[in-house]
Structure formats: C-alpha cells, structure tokens
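Those sequence lines, one after another, are chains A and B. Be aware that the first sequence starts at 1, since it is given in the working numbering, and climbs by one per residue. Be aware that the second sequence starts at 1001, since it is given in the working numbering, and climbs by one per residue.
Bear in mind the hints are in silico, worked out from the structure with no lab data behind them.
Once the Cα atoms are required to be at most 25 Å apart in a straight line, the calculated SDA-like pairs of lysine to any residue come out as:
1) A:K291 with A:V9
2) A:K75 with B:E1311
3) A:K75 with B:R1313
Where chain B lies over chain A, by a calculated footprint (3+ residues, C-beta under 8 Å):
4) 38-52
5) 66-74
6) 97-105
7) 124-130
8) 147-155
9) 170-177
We treat Cβ as the ideally placed atom computed from N, Cα and C, and that holds for glycine.
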Amino acid sequence: MSAIREAFVDEPAFVPYLAVGDPNAEASIEYIEALCRGGADVIELGLPFSEPIAEGPTIQGAVVRSLEGGMTPAKFFETVSRLDVDVPLVCMTYYNLIHRFGDRDGPKPFVERAAEVGINGFVVPDLPAEEAGPLRDVCDEYGLDLIFIVAPTTRGERLERIMARVSGYAYVQARLGVTGARANVSTQTTASLDRLADWDIPKAVGFGIKTGEHAREVVAAGADGVIVGSALVDLIAEGGEAGDSVGEVADRLEAKARELKQGALEGRGTETSAGTGTEAEAEPRARPERK
Amino acid sequence: MSEGRGRETDRRPGSRSDPNPDSATEEDGRPGIYGEYGGQYVPEALMPAIEELTDAYERYVLDNDENFMDDFEARITDFGGRPTPLQHAAQLSDRYDFEVYLKREDLLHGGAHKLNNALGQCLLAKYMGKERIVAETGAGQHGTATAMAAAHLGLDCEIYMGTRDIRRQRPNVFRIRLNGAQVNPVEAGRGTLKEAISETMRDWATTVEDTHYVIGSVVGPHPFPAMVRDFQRVIAEEIRAQSIETFDALPSSVVACAGGGSNTMGAFAAFTEERGRTGETGKAEETGGRDDSEVGLFAIEAGGSSLSVDEDRGVAPNSASLSTGSEGVLHGARTKLLQDRDGQIMESHSISSGLDYAGVGPELAALVDSERVRALSVDDDRALEGFHRLSQEEGIIPALETAHAIAWLDETDPAEVGDRVVVNVSGRGDKDLESALEETAKRDLDIAPEMDVFDVSAMASGSEADTSQEGTNGHDADANASTGSESSDSDGGEGNTR
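Chain A extracted, bound-state conformation (with noise of 0.2 Å):
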C-alpha cells in the first residue's frame, strides 16, 4: 500500500493544502511543520502556475505572493528537500510545469526529480484522465500516486476512465467551481460520495470546507478525508497584511489544522474505516476495483 494510501486507513485523513514559497519557502517549512503537529496526514504542496484556472482568488493571490517571491519548480523542489516530516506529500501544479520540466519533453525529468525530494504523488487540476497517460505511466516507473479530481458533473464512463488511471485518493470536488472557502457544505458532495461508494479508494473531500463543523459533516457524509487549502492560505495572508510573524502564522496555522482534523474524527464517531486496499509494495500502484 503507498504511504499516501495508508494515511486514509486508521482514521479520516486531514489533507492540508498550502503554496510553497507563499510568502517565502522558509516560512513554508514552518507553516507545514505546523500543520503536521496539528494532525495532518497528507500534506498538498502546491507549486504555482501562473495561470491557475482552477482556483479561486485566495489561491491565486497566494499564487502571484509566491511567484512574486521567486519561486520556481527547481526551488520548489529544493524546499521540500528540506521538509523534515513524516507524512506523505503530494505535488499539485498544472500540466505545464511538469510537461515543460528539466531538457527532455514529457513528464518524466518533473517526476524523477519529484521522486528525489520524498514527494509521494501528484495532483494535477488541468489534466483530466484523456490526457493522463504520460504521466500515468511514469507516476507508475517510479511508484508515485496520482490522484484525479472527481467533479460533480463526473459520471458514467467518465468515472470509470478516471478509476482505471487513479491511485492514492479520490480528490472529490464538493461542488462546481474554483477553490475557495464557503460558508456551508454542498449537497454535491453526498451526491458525489454516493456515485464513488463502490470503489475501494480513500475519498478526499475539498473545495469549501472551512472550518471544523465543515469537516465533521463532510466525513459524516461518508468521506475518508477532508482537503482544506483557502482558509489556511486566508490565514497566511491575513498574517502576511498584518506584519505578524512566521511564528504567530505557524501558531494559528497549527490550531486551525487541529480544528478540521477534530473535525473530521468527531466526524467519523465510532465507526471504523471503510478505506481497505490490497498490498502493493511493487510499482505501479493499484487502481482500485469495485467492492
């Protein structure tokens, strides 16, 4: 099973989301530190596009503050190199970034490289599974996870394609849109839940969720995970206007993680994980089957 896997299995996972080099990487490392003291167990690294067409205007302010602030994928990855933690990582950027990465074309010198600095999986929100098999394939050379986002409107014979090339979660988008923090949980997300109940692979849900009552209904809604990214990121800005220090933003960072992750245990109650899996040490990871 990948260490990405295993962290859904004893208990909902809480899947944090920050850009690195937002505002510089030396306080990413502190902010993702603090995050794994406040329970997270995957954490979402995202390397900024300058054309993030999936997110909302936190992420892309967070975007343009790291961009402004230099960062590229060699930086990017150099700062992970860095990390000092003990949970699974996961690379999210665009397509062209990986496509465009190191002096051959084609994905592979971006996930070799991603592969040297512990990173244990991608996401990737402009590529969807009809142009994933680049990727796909060499995610499975070096036994990397990627994970593929299931939108509200995916269903069928779109499902199943995404479940044929999948691993690691299901990155379930609770309701149409970009990124971005909501005042409520929307009803999509159950929906969505339902359509991916007959599929053995953890289910992270994001987009939206905001608080603890947030994660709590969401995995009470039958989520294995919760993927909160715009109200830590609002954290980090609303530090960075206000001149407080890294340190300050770690601490609140570190609360704010272990509310959603509070969130999602109450979430679950008693009962115990739905998330099984078969053992699958050798590359290329397992993609899930029907219960």
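Chain B: place on chain A using the hints.
Relative to chain A, chain B alone:
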C-alpha cells in the same frame, strides 16, 4: 459520449459533398490533435460539458442536424451581412508589384470577422438548450460580437475583459453594454486577454450546467479550435469563390494577421486541404491551374517593440508565439506559447489588444511546423504605419490587428507572394482611434497626418475636440457618442492617456 472520440470528426461543416474532407494536419484517431498540438487540458469539472459540446458540434455543425448550418447561414447573411466583398485595392496595387485584394471582413456587422464565430456558437448554445453565454474579450471585438449575437438570439450574456483592455478599448465596452450584456472587469496580471480567458474558464467551471463558453478564437480544448475554424471558414470559402469570379484564378497568396488565429484560420481554411488542381467542378481553368495547396499562406504576428524576451521579468515585448514561442500547455491545449524556461506563461505585448496573447491556435501552430503556413511578424511602429497607409490610400481605417497584415505588404515582393495577394481586413479601426492617436503622437512617423488638429491635450476635456473626433469616426455613432460624453465627465485618468 466517449465513442465519439475515435470517430473521424474533421468533416467539413454541414457535411457538404466535398471530395476530400480531411485536414492535412489532423491525425487519425483522436480528433482535435494537430501534429504535436491540441488536446483537452481542462479541469475535470468541464470535461462533461466539453464532451456534450463535442457531440453538439459533430451533430449540428458537421452533420447539419435540424438544418443547423442552414439556419446559421441564413442568420449570418441577414443579421451579419454576408457575403463581404473582395475588393481590389487600386492604390496599394500601384504601390506594389502585385495586385492587392482586400477581403472586407471589416464590413461584417459589428465591424470585424468575430461575428461569424460568435453567432455560430451562440446559435449552437441555443440548439443545446443553454440559457447563458460567457465570453472573454481582448480588443472587445469578440465581446461586442458575442453581445450582439446573444441579444439577437435572446440569450443572457456576460463578458470578461481585462482592466487594461477596458481602458484601451472603451468604445467596445459601451457597445457591449448597449447590447444588454454585462462586462466583468478582470484585474489579475496585466489585465489583458490571457487573464480574461482564465477568468471566463473559472466562471464556466462554476456554471457549466446552464452556460456555454463562447471562446473567441481557434484556441482552447477540442472541439473549440475546430469549431471556431469551421464557423470562420466562410471567409476562405468566399475568398476562393470571389477570386475565381473576379480574376478567374485562385489568389497567389492570402495574408492575415495572427493573434489567437481565428481570422487567420478562417482566411486559410479552404486552402489547407488538398482539393486537386482541377478545382471542385473539374475545370482546370476555374482555379487558374492553381491547386489550393499552392496558395501561399502568410500569418503576420505582432512583433511588439522587440522579438527578444526578458526571461527574468517574465515579459515578452511581443505577441509572436508562432515565430518565437515554444511548445507547452495553456488554456486547454498544447500549442506554441510565450513562456519562460520553467514553463510560466509570459506577459505578452502588442499595440493591438486583439493580438496581445501568449498563445496561438494549435492547428495554426501545426500548419506553421509543417511549413504550409509561414509565420512572420511586424512590430508596433510598422503596424501603425500600416494603419495610416490603408486609411490614407484606400479610405479604410483598419483595426490595429489588421494593420499588421497591411504593413507586411511593404516587406515582401512578388517572388514571395506572387501576382495576386488577398489581405484579410479582419476588422475596422473605429475601436482603435484613441489608441492610434495616442500611439501616433508618441512617434515620429512620416506617414502620419499632422496631429495638431486633434489637439490631444484638449481632447480630454474640450467639447470641441469631441466634435472633431466624432467627425473622423464616421458612421460608428453609437460608440463615439458614448466616448465623447464620457470624456466630458472629466475622467482624469483617461485624460492622461490621450
């Protein structure tokens, strides 16, 4: 849905009985792949809508189901004013050692070729049962055309436009509003077309179930590049037929400006396919013995102020992605892009908003790779000269986009372009008067008229200047009346730019 993916889809619109429908650049297998370009790189949330659109494109546009293409052709005739003339340009023909013909897309309703695509897609949206239209716009021409088409068809319409372009293209902003559409300013980045496209995609990702995204050029994920080309190909079909009618031969060359590439692909589409030397009716004399594949195709890009790039600042002072770009993925497709060594997209630049984009249509990029189309560029200064030249010599004020194609004629000779050259006048320049006056005032151009008469500083506040400006604008009264009244409102920021 998915079974459509393997099907041959590059049929000609309306499934007319053309002998060889295959584009030379689309490969067998997956549609929407042009050489190493094309594809569908979009968020999963949009993929079901793109599959639905692909089905609708194949059904209505390619197979003419429910007589869709007949409906479209009737509307683009009655509402749009097609066909547009192919006009012999007497003064330019005297100036050069070849005959110049102008394909007058500037005379299409709205003042640019953009309506061909906007009306086609809005009509398709209506056939698909969508109630709302979103679109991006750079120069405002596509936004204007979409707002007009949406009003014509009774659809709700919202246009995303960069804040910088809103300042550069105010008359078109008013026209969009006058047609009842909403204008949503986009402040991200440099506030130009690239940001407007990203923001429109975000809207579509949120509203995809009842909304159609009318993309304005031959860019984006399949089926957009093929579909937009098919709605624009009427330009090339008319050039072809009108050439045979006018001078009993195909033109030796067709010249079009290229940003995203919709007027370019529209003007080239009939000539990128092998039809045989004898022409459609089998009479060799009809095409002057010239095969479609022998018609020279020249795509003129915006060279901006320089073709070099500043990697460290992420700025390309041009929009010449065909000439200087490299392969990458942006806004749904693999294509040629202005990008830095890491794959971050650069900020492009051009004097013309409509060419100011860091990417280009994937099929056009493939046609350049296969050397069927030659990509060249014209810088800001020369484009402005082209703007003045066509205005003075032929009495046609072109869009600054079109001015690039006009200006390039000065650089070439009959050895390159042959004896009869068709230039696609993709749009009229009324929208550009403010920019053109401002940019002309900055430069010492021999060809420019004396600008004193315009009294640039007085224009910001004086009503006299408004009157004189309106005089130069001719019949585009709606836009200029709005501009005039707005500038009387002592808009300080705007005054500085004039």
